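S.K.: Spelled out, the chains give:
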Amino acid sequence: MSECNLLDVLSNKKVLCVEDEACILNNIMESLELFFGKVVGVRDGIEALDEAQSNLYDVIMLDISIPHLDGLDVVKKIREFDKKIPIIILSAHTEQEYLWRAVELKITRYLIKPYDKNALIKALEDVALELIGHTPMLQITSECKYDFCKKTICCHNELVHLSKSESRLLEYFLKRPNQTITYEQLFDYMWEFEQPSKEALKSIVKELRKKVDNTFIKNLYGVGYVCEI
Amino acid sequence: MKYSFKMIVALFVVLYAVITLLFFNFYRELALKDARQEAFFVLDTMNAIRDYVSLVQRPLIEELKAKKLLVADFFDPRLLSSSYITRAIYNIQKEKKNINYDYKLVATDPLNPDHEGNAFENEILENFKEGKTKEYSSIIKEEGTRYFYVSLPIHNSQESCLQCHTTQSAPKAMIAQYHHIPTFESKVGDVIAMLSLKIPVYSILTYHVKEFIVGGTVMLIVFIVFILFIYKIYRNEQRLNEKTSMLMMSQNRLASMGEMIGNISHQWRQPLAQVGSILINLELHSDKDKLTKEKVTQKIKEANEQLVFMSSTIDDFKNFFVPNTSQKEFSVQEVIYRAQKLLSASLEKYAIHVCVEIQTNFTRFGHANEIVQVLINIMNNAKEAFLAHEIKERKIEITAFLQNGISVITVQNNAGRIDDAVIDKIFDPYFTTKESSSGLGLYMSQMIIEKNGATLRVENVDNGVIFTIIF
Chain A
275 MSECNLLDVL SNKKVLCVED EACILNNIME SLELFFGKVV GVRDGIEALD EAQSNLYDVI
335 MLDISIPHLD GLDVVKKIRE FDKKIPIIIL SAHTEQEYLW RAVELKITRY LIKPYDKNAL
395 IKALEDVALE LIGHTPMLQI TSECKYDFCK KTICCHNELV HLSKSESRLL EYFLKRPNQT
455 ITYEQLFDYM WEFEQPSKEA LKSIVKELRK KVDNTFIKNL YGVGYVCEI
Chain B
4 MKYSFKMIVA LFVVLYAVIT LLFFNFYREL ALKDARQEAF FVLDTMNAIR DYVSLVQRPL
64 IEELKAKKLL VADFFDPRLL SSSYITRAIY NIQKEKKNIN YDYKLVATDP LNPDHEGNAF
124 ENEILENFKE GKTKEYSSII KEEGTRYFYV SLPIHNSQES CLQCHTTQSA PKAMIAQYHH
184 IPTFESKVGD VIAMLSLKIP VYSILTYHVK EFIVGGTVML IVFIVFILFI YKIYRNEQRL
244 NEKTSMLMMS QNRLASMGEM IGNISHQWRQ PLAQVGSILI NLELHSDKDK LTKEKVTQKI
304 KEANEQLVFM SSTIDDFKNF FVPNTSQKEF SVQEVIYRAQ KLLSASLEKY AIHVCVEIQT
364 NFTRFGHANE IVQVLINIMN NAKEAFLAHE IKERKIEITA FLQNGISVIT VQNNAGRIDD
424 AVIDKIFDPY FTTKESSSGL GLYMSQMIIE KNGATLRVEN VDNGVIFTII F
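Residue numbers (my numbering), protein chains in the order written: chain A, 275 to 503; chain B, 4 to 474.
Keep in mind that the hints were calculated from the coordinates and are not lab data. No false leads were slipped in.
Calculated pairs, DSS-like style, for lysine-lysine (alpha carbon to alpha carbon, straight line, at most 27 Å):
(1) B/K293 with A/K287
(2) B/K437 with B/K352
(3) A/K424 with A/K492
(4) B/K137 with B/K107
(5) A/K449 with A/K476
(6) B/K293 with A/K425
(7) B/K293 with A/K391
(8) B/K352 with A/K351
(9) B/K352 with A/K387
(10) A/K485 with A/K287
(11) A/K380 with B/K352
(12) B/K296 with A/K391
(13) A/K492 with A/K425
(14) B/K36 with B/K213
(15) A/K480 with A/K492
(16) B/K302 with A/K391
(17) A/K288 with A/K424
(18) B/K291 with A/K425
(19) B/K97 with B/K144
(20) B/K144 with B/K132
(21) A/K312 with A/K449
(22) A/K424 with B/K293
(23) A/K351 with B/K395
(24) A/K424 with B/K291
(25) B/K302 with A/K396
Negatives, chain B to chain A, calculated, CB over 10 Å:
(26) T23
(27) E65
(28) P116
(29) I207
(30) R341
Nothing here was measured: the structure is a model prediction, and the numbers come from that model. The beta carbon of each residue, even a glycine, is placed where N, CA and C say it ideally should be.
Based on the provided sequences and hints, a complete structural model is requested.
M.R.: See the structure below:
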């Protein structure tokens, strides 16, 4: 685990970045692109909420003073439908009023602007840890382990690399063990706007079964899948 | 100080004049009273002399006549006429300058034509005769000179008087001397004549001139001391006022400094955050060896833009704080623009829309910074009202126009009305409805506006407040 870089966990993740100042947003996005698989930036509270509701994001970073709906209100609304998504607040405000509100929203980090690189890295690591449930190596079956950082499967002492979409899908399953996952959820999460196809999805699942274990992803006919660990 | 110093001094001068007048009048009355008493005393003495002549001297002459020591027909006014003797004594006194009174005896139908009274004297004599008064004193005017006139009746005519004052019994020598002796048509004890003294008022007052001068001087000194005393109090009050206003100025200055520093920090927060994000971005790219030359150039350019903005912001604030002693011509557009620019960060932060309408860009001569300060003050108050009343659509309208040739700036907001109970007090020093406020902002604003020869007014409008600066 020591040689594992936690930030690599993020490489197949999607982040939503909310900041009203174009220049700052641009720079943060450029920075985040170094770590995340995909970065989307929006500039106001309503847009941010719309994006978050689309259910496509793994992480959200937002400023508090944004037009229309303030950052903390956005988080409050997100928490109504998603209790788990890691959230980082970026703000110049240190007023108690804001901090009180933030505490109740179970956010991962509250970064005070201007922040430095280390604070950002630390926050991203926290987010990564949260995303993998604080276990960088997950035992999928008795023989197979998944390494979140390296995106590899260690099965019967053999190391198998996963593609980006494979690891993304696997992590989505691992995060929701023993839950029904519909095709629609997966389509949204995996493809966003491109026209997805069941065949493409099935082929990824097939690859996963081949690389890991045949049994841990079960078909639910006409509905989707369930991951049993 | 409720009343002006000048008014109090004026009041004192009037009071002093009244008191002095009363004082002199009082002294004059006193002097006249003294003179009257003295005159009566003199007249009483003369009456006494008359009595002596009637009761002692004449019977003695008669005795001498009876003893044939004098001829039966003897008559000499120097021994027998009381009127003659009193006049002679008066003349002696007058010669010695003991008195400056004009003495006169008035009788009806007198032996001596000098004793004929004028209309005024005869009237008094008639009153005496009828017993209406026992003494008389008044101020009369004769040939432009004022006299104090005092008279007493001669009421005690004796039997010895009648002897001579009857035609049949008058001595031959007396008849030879006076030719015609009118007979007294009265009984013994009746009033037959009166004595009078005429004293010039001027001489009475001159006699008391020392008292007048001393009294007047003392009063003047007392008055001057009073004025000095009041002046001292006035000066102290003035100094206290100066100190208070200095204190207020510095308090207000501190408060507005604090606000300005708050504004600077608002203004700077954004560019600082931007530069920070640029640096992190550069550092992360460099860490990952993804830093290209183009990227560095572009990021440095971005950072420089922010630095230029910060530099110009701090210049704006510096210009605002610089205590420019000289007055300059400035345009209304310039001051409104500057006020808006200094507050831009906080206006943006609280989503306050400022709508500026310059109908006439008039120019004024004075301290532009002071007008800017007032505008900032009013806008800051509006900002606080927006927050306190939780207004969603926040709008401040600043309008500059000419009305009948008078330059006017209005600042209107929709932050809710000011309570009618307090709207008259908002310009009072230390009046505030907020917890963390000195209560000096609007007071100082009004002072500044008035110092610049303008007036600042406030009114409630539909859903807000309008401040009007009338130059």
